[in-house]
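Enquirer: Read off the chains here:
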Amino acid sequence: MSSYWFGDVTDKEGRCSIPAAGDKELLIARLNAIRAKPGPFDPFTWHIAVRCGAVRDRTEYIARLREICITDAERRIREIYTQKDAELLPMVRMLDEMDSVVNVLSERAAEWHQVRNPTFSRKYRKTPAHILVRTMREKSRGALGRVAGRIEDLAAARTDLAKEVSARANEVMPNTSALIGGLVAARLLSQAGGLRELSRLPASGIQVLGAKTALFAHLLTHSPSPKHGIIFQHRRVHNAGKLVRGRVARVLAGKLAIAAKIDYYRGEMDPVFLENAQKHIDTAGGESASALDR
Amino acid sequence: MLWIGDVLVSRGEGGVYHERMLDGNRVWDPYRSKLSALYYAGKGVEITGGTIVLYLGAANGTTVSHVADYAECVYAVEFAPRPMQDLLEVARRRMNIVPVMADAASPEQYAPLVEQVDLVYQDVAQPDQAAIAIRNSMFLKGGGHLILMLKTRSVDVRKEPAEVFSETLETLRCSGLQVIESTWLVPYHNDHAAIVCIKPGSAESS
Numbered sequence: 368m369s370s371y372w373f374g375d376v377t378d379k380e381g382r383c384s385i386p387a388a389g390d391k392e393l394l395i396a397r398l399n400a401i402r403a404k405p406g407p408f409d410p411f412t413w414h415i416a417v418r419c420g421a422v423r424d425r426t427e428y429i430a431r432l433r434e435i436c437i438t439d440a441e442r443r444i445r446e447i448y449t450q451k452d453a454e455l456l457p458m459v460r461m462l463d464e465m466d467s468v469v470n471v472l473s474e475r476a477a478e479w480h481q482v483r484n485p486t487f488s489r490k491y492r493k494t495p496a497h498i499l500v501r502t503m504r505e506k507s508r509g510a511l512g513r514v515a516g517r518i519e520d521l522a523a524a525r526t527d528l529a530k531e532v533s534a535r536a537n538e539v540m541p542n543t544s545a546l547i548g549g550l551v552a553a554r555l556l557s558q559a560g561g562l563r564e565l566s567r568l569p570a571s572g573i574q575v576l577g578a579k580t581a582l583f584a585h586l587l588t589h590s591p592s593p594k595h596g597i598i599f600q601h602r603r604v605h606n607a608g609k610l611v612r613g614r615v616a617r618v619l620a621g622k623l624a625i626a627a628k629i630d631y632y633r634g635e636m637d638p639v640f641l642e643n644a645q646k647h648i649d650t651a652g653g654e655s656a657s658a659l660d661r
Numbered sequence: 165m166l167w168i169g170d171v172l173v174s175r176g177e178g179g180v181y182h183e184r185m186l187d188g189n190r191v192w193d194p195y196r197s198k199l200s201a202l203y204y205a206g207k208g209v210e211i212t213g214g215t216i217v218l219y220l221g222a223a224n225g226t227t228v229s230h231v232a233d234y235a236e237c238v239y240a241v242e243f244a245p246r247p248m249q250d251l252l253e254v255a256r257r258r259m260n261i262v263p264v265m266a267d268a269a270s271p272e273q274y275a276p277l278v279e280q281v282d283l284v285y286q287d288v289a290q291p292d293q294a295a296i297a298i299r300n301s302m303f304l305k306g307g308g309h310l311i312l313m314l315k316t317r318s319v320d321v322r323k324e325p326a327e328v329f330s331e332t333l334e335t336l337r338c339s340g341l342q343v344i345e346s347t348w349l350v351p352y353h354n355d356h357a358a359i360v361c362i363k364p365g366s367a368e369s370s
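Quick mapping for you: the protein sequence lines, in order, are chains A and B. If you count the first sequence from 1, position 175 lands on 542 in the working numbering, and the numbers rise without skipping. If you count the second sequence from 1, position 187 lands on 351 in the working numbering, and the numbers rise without skipping.
Treat each hint with caution, since some may be false.
Said to hold, decoys possible - Have a look at the derived ranges for each label pair, beta carbon to beta carbon:
1) B:Gly213 <-> A:Gln600: 56 to 62 Å
2) B:Glu334 <-> A:Thr526: 54 to 60 Å
3) B:Gln342 <-> A:Ile447: 36 to 42 Å
4) B:Arg256 <-> A:Ile447: 18 to 24 Å
5) A:Pro386 <-> B:Arg256: 27 to 33 Å
6) B:Glu334 <-> A:Leu521: 50 to 56 Å
7) A:Gln600 <-> B:Asp267: 32 to 38 Å
8) A:Lys493 <-> B:Arg256: 56 to 62 Å
9) B:Asp267 <-> A:Glu642: 35 to 41 Å
To be verified - Partner residues aside, some chain B positions facing chain A, computed with beta carbon under 10 Å:
10) Tyr239
11) Glu272
12) Gln273
13) Val278
14) Glu279
15) Gln280
16) Phe303
Said to hold, decoys possible - In silico SDA-like pairs for lysine to any residue, Cα to Cα no more than 25 Å straight-line:
17) A:Lys646 <-> A:Thr580
18) A:Lys490 <-> A:Gly516
19) A:Lys579 <-> B:Arg317
20) B:Lys323 <-> A:Ser571
21) B:Lys323 <-> A:Thr580
22) A:Lys493 <-> A:Thr526
23) A:Lys391 <-> B:Phe243
None of these hints come from the bench; they were simulated from the model. None of the values given here were measured: they were computed from a predicted structure. Where is the CB? At the ideal position from N, CA and C, for every residue including glycine.
If we strip away everything but chain A, and leave its shape as in the complex, we get (with noise of 0.2 Å):
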């Protein structure tokens, strides 16, 4: 027997059923039930479908599948945008744009202060740069005072959208998010593209995930491998020792790759796996490091 969306066509002769003749409810639910167990494939044309009576003509015939088509596809988006990660990937891109260009509004902001203080020197002073543009908006006439005072509600709107991102890490990806960070792991999903992606990675993926231009660099001439890439963002990283530092991020990276299946798989929290799990990343920064000094 040779499953069709419009019917099933039962032997040699060409005698077929059509179960569920005409009502899109039930071809859409046909459609899937193939789908999932898809059976042998015999190639066919559409007018095995009017010998059948499930249709009139050609007309009909690719009418009623685009609408069976249309209406499913439908469905399946709107399944996929309701799973826990689907808001947090454009969440954490929105994120890490907004950073650079509040920093890059920032900086012109201050050129053009600058330009209208002749003695104005940012050098020798430790004004971070949120406090500079208060000052512009506080001090400046016209546009450059408004300017300062946009930059401002932005990186308001930005610091407000990080805790989001950190909120919602935590719950979609809550093993992921106890290792490294809620925001951390929330760029690791944006770059692997999703949690069933980062959770089919292998730990060598996650390590240099981020360091495209280093990994390509690797891959097409003889420089040396990146030992991290966004993981470098998480403190046990950056704060290791340089002759340390690639372990502890190949031994953090092999445990994240067992925290994102656990988030894709079971999607709790597992206390016993993340205190073996500190516990290991902690040695490979703090013993090892004294190892490798004698």
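Based on these hints, arrange chain B on the given structure of chain A.
Expert: What follows is chain B alone, placed relative to chain A:
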């Protein structure tokens, strides 16, 4: 194909992606579409009002909309939800596009939906592009064509594009397809090659 002077166009409802219009026809830009680039290279397969097309890697439906202007019917396969949203919008306005949300690497998932076709057009960013093409050639009628847009960089970044190209040609030949044309798509697209194959046999026997 429809040319106005040396500009490739297609006849259909415009405004899909702010494409330019020429005498009421939609300009098909070779820099935006690889299939258009192939026609500009003087190669490719004529698509007519009787052609049924299976289009793998339909993405946002930009090229699909032009193909649909020429073809009788286009089965447009796309996996990712975001481009699919756009493709659906195009499909709602063009009655001869059947959007299929599925992975081109698993044709058995959409086999019960797709009838035999005259042309398989494939433009996917996957490492195993030749294998995907071969698997999908089961939908081809005898004498039907396969156009593979080979993204050499997706196959293996470490290999030279030329090497990937010749390996792919070899794989296709071994599968029983007959390669009739192949070309690089410079200057329109870098590191992209187009390969045109024909499935042996006659339309009647299959």
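Enquirer: Hint by hint, note whether the structure agrees.
Expert: To see whether the hints hold, each was checked on the structure:
1. For the hinted restraint 56 to 62 Å between Gly213 (chain B) and Gln600 (chain A), the CB-CB distance of approximately 57 Å keeps it satisfied.
2. Distance hint check for Glu334 (chain B) and Thr526 (chain A): the Cβ-Cβ separation is about 56 Å, which falls inside the suggested range of 54 to 60 Å.
3. Range check, Gln342 (chain B) to Ile447 (chain A): about 39 Å between beta-carbon atoms, so the 36 to 42 Å window is met.
4. In this structure the hint that Arg256 (chain B) and Ile447 (chain A) lie 18 to 24 Å apart at CB holds, the actual value being about 19 Å.
5. Here the CB-CB span from Pro386 (chain A) to Arg256 (chain B) is close to 28 Å, well matched to the stated 27 to 33 Å.
6. Restraint check, Glu334 (chain B) to Leu521 (chain A): a C-beta distance of roughly 55 Å satisfies the suggested window 50 to 56 Å.
7. Judged by the Cβ atoms, the range 32 to 38 Å given for Gln600 (chain A) and Asp267 (chain B) holds: they are separated by roughly 33 Å.
8. Hint check: Lys493 (chain A) to Arg256 (chain B), Cβ distance near 58 Å, so the stated range 56 to 62 Å holds.
9. Taking the beta carbon of each, Asp267 (chain B) and Glu642 (chain A) are about 39 Å apart, inside 35 to 41 Å as hinted.
10. For Tyr239 (chain B), the suggested interface contact is upheld, since its CB lies about 9 Å from the closest CB of chain A, less than 10 Å.
11. Hint status for Glu272 (chain B): holds, given a least beta-carbon distance of 4 Å to chain A, under 10 Å.
12. The restraint placing Gln273 (chain B) at the interface with chain A holds, with a minimum CB-CB distance near 5 Å, inside the 10 Å limit.
13. Hint status for Val278 (chain B): holds, given a least beta-carbon distance of 9 Å to chain A, under 10 Å.
14. Checking Glu279 (chain B) against chain A by beta carbon gives a least distance of about 5 Å; that is within 10 Å, so the hint holds.
15. The criterion of a C-beta within 10 Å of any C-beta in chain A is met by Gln280 (chain B), whose closest approach is roughly 5 Å, and the hint holds.
16. With its C-beta approaching chain A no nearer than about 7 Å, Phe303 (chain B) sits inside the 10 Å limit, and its interface hint holds.
17. For the suggested pair Lys646 (chain A) and Thr580 (chain A), the alpha carbons sit about 32 Å apart, so the restraint of at most 25 Å is broken.
18. Taking the CA atoms of Lys490 (chain A) and Gly516 (chain A), the gap is near 24 Å; set against the 25 Å cutoff, the hint holds.
19. With a C-alpha separation of about 15 Å, the suggested pairing of Lys579 (chain A) with Arg317 (chain B) holds against the 25 Å cut-off.
20. Proximity of Lys323 (chain B) to Ser571 (chain A) is assessed by CA-CA distance (about 21 Å); at most 25 Å being required, the pair is judged to hold.
21. About 17 Å separates the Cα atoms of Lys323 (chain B) and Thr580 (chain A), which keeps this hinted pair within 25 Å; it holds.
22. With a C-alpha separation of about 21 Å, the suggested pairing of Lys493 (chain A) with Thr526 (chain A) holds against the 25 Å cut-off.
23. As the CA atoms of Lys391 (chain A) and Phe243 (chain B) are separated by approximately 22 Å, the hinted pair is consistent with the 25 Å bound.
Hint 17 from the earlier list is the only one contradicted by this structure; the remaining hints agree with it.
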